[in-house]
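A.B. asks: Residue-level listing of the chains:
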Amino acid sequence: QLQLQESGPGLVKPSETLSLTCTVSGGPMSSSNYYWGWVRQTPGKGLEWIGSIYSGGSTYYNPSLKSPVTISLDTSRNQFSLKLYSVTAADTAVYYCARPRALSGNFDSWGQGTLVTVSS
Amino acid sequence: QSVLTQPPSVSAAPGQKVTISCSGSNSNIGPNHVSWYQQVPGAAPKLLIYDNIKRPSGIPDRFSGSKSGTSATLGITGLQTGDEADYYCGTWDGRLSAAVFGTGTKVTVL
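Just so you know, the protein sequences line up as chains A and B, in that order. Take 21 as the starting number for the first sequence in this note's numbering and just add one per residue. Take 60 as the starting number for the second sequence in this note's numbering and just add one per residue.
For reference, chain B alone in the conformation it holds in the complex (with noise of 0.2 Å):
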């Protein structure tokens, strides 16, 4: 059972805009960086999102991520159908002494 906690879905229709928010705790998002991950089916996870807000080389500024508290959120821009997939936030939990990630999101285009 995961530590973090993200909405099963979300869903809106192209050109509109999604986010996607992971809870957490102080013992993980809290002290440390959030990463975000996109899955299309059959696929391995890719990096959307580092070190909070950070996109690597390649991703679109149409993905962008913050970081507030013990909280974390992706905002997708101008939702393509390309965009259909599975996102999952990431981060080191201090108390676990372990690396985890969320529930996962399933995002939908209408």
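Chain A with its partners taken away, still in its complex shape (with noise of 0.2 Å):
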């Protein structure tokens, strides 16, 4: 059965980067054709699409985010990662990672989630 772990700092500082990685276990990513995403939850807007990658490497961001966002693929390591750039107060959340199928709202498998405070 599929499985996903984020991890990474809880606490980020306004303007610097947020830096996530979740790992995948339960089967190899490097031989499925599967999206990974990102997903994050405030109290104040609910559960907002981040972004996904493909299998193949090609990548898709959510276009109304304020701060720019990089997801990025190591299949070797059965990983994908989350990079969130100049962040403020407002990315301030609990963040998924998850397996979307394909650019859906079909989110199979989630991961537990983590808690990042961006705070001074």
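It is possible that part of the hints are untrue.
[Stated by the list, open to error] Pulled a few chain A residues facing chain B out of the computed Cβ check, cut under 7 Å:
{"id": "1", "residue": "Leu67"}
{"id": "2", "residue": "Asn82"}
{"id": "3", "residue": "Gly125"}
{"id": "4", "residue": "Gln132"}
{"id": "5", "residue": "Gly133"}
None of these hints come from the bench; they were simulated from the model. All values reported here derive from a predicted model rather than from experimental measurement. Cβ atoms here follow ideal geometry from the backbone N, Cα and C, with glycine treated the same way.
Both chains come to you apart, so use the hints to assemble them.
C.D. replies: This is the structure we're talking about:
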């Protein structure tokens, strides 16, 4: 059974870079034609899709995000990562890694989530 | 601000039925499949319904989904105390080029 687990700092200073990694277990990422993505949740804005990456490397980001973002893949480690640049307090949220079925609203597997607070 | 609108809360007694609506537009629900998620406090969302009406393995048939035009509905029959949670709809929005989620509905079992 597929399992996803987020890891990374729980506190980031304003204007710095938020970096998270998602480790996938239960099957090799390299042999699958899947998408992998990040979703965050704040009390005020609910669930927000950040972006997704296809196993071939193509990336898709939410155009409404105010902070620049990069999602990358490391199939040798069965991991994918999120970098959110120049963060502000508005980026404080619980961040989930998840597996979307293509570019859709269907996310069939989720990590447990990790709280990231942006504060000095 | 979400482009998919849900009622903030619904409630019913154990054993009864509730329905949760998800209202969208011709750029999201209209042309695309809808998914539904259950989120209990402190946990990640869990997929309940995908492709409008399909249930993943392990999801009881008490949960059902439907779609008509630019709206979708989640139904829960035989309500149980364990069904108390927040429920979200989700789909793709072609105009925004983004996956979008609903505002969320809290289900309370009276």
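A.B. asks: Now, for every hint given, state plainly whether the structure supports it.
C.D. replies: Hint check results:
no.: 1; hint: Leu67; in the structure: 4 Å, holds
no.: 2; hint: Asn82; in the structure: 5 Å, holds
no.: 3; hint: Gly125; in the structure: 3 Å, holds
no.: 4; hint: Gln132; in the structure: 6 Å, holds
no.: 5; hint: Gly133; in the structure: 5 Å, holds
Checked against the numbered hints above, the structure violates none of them.
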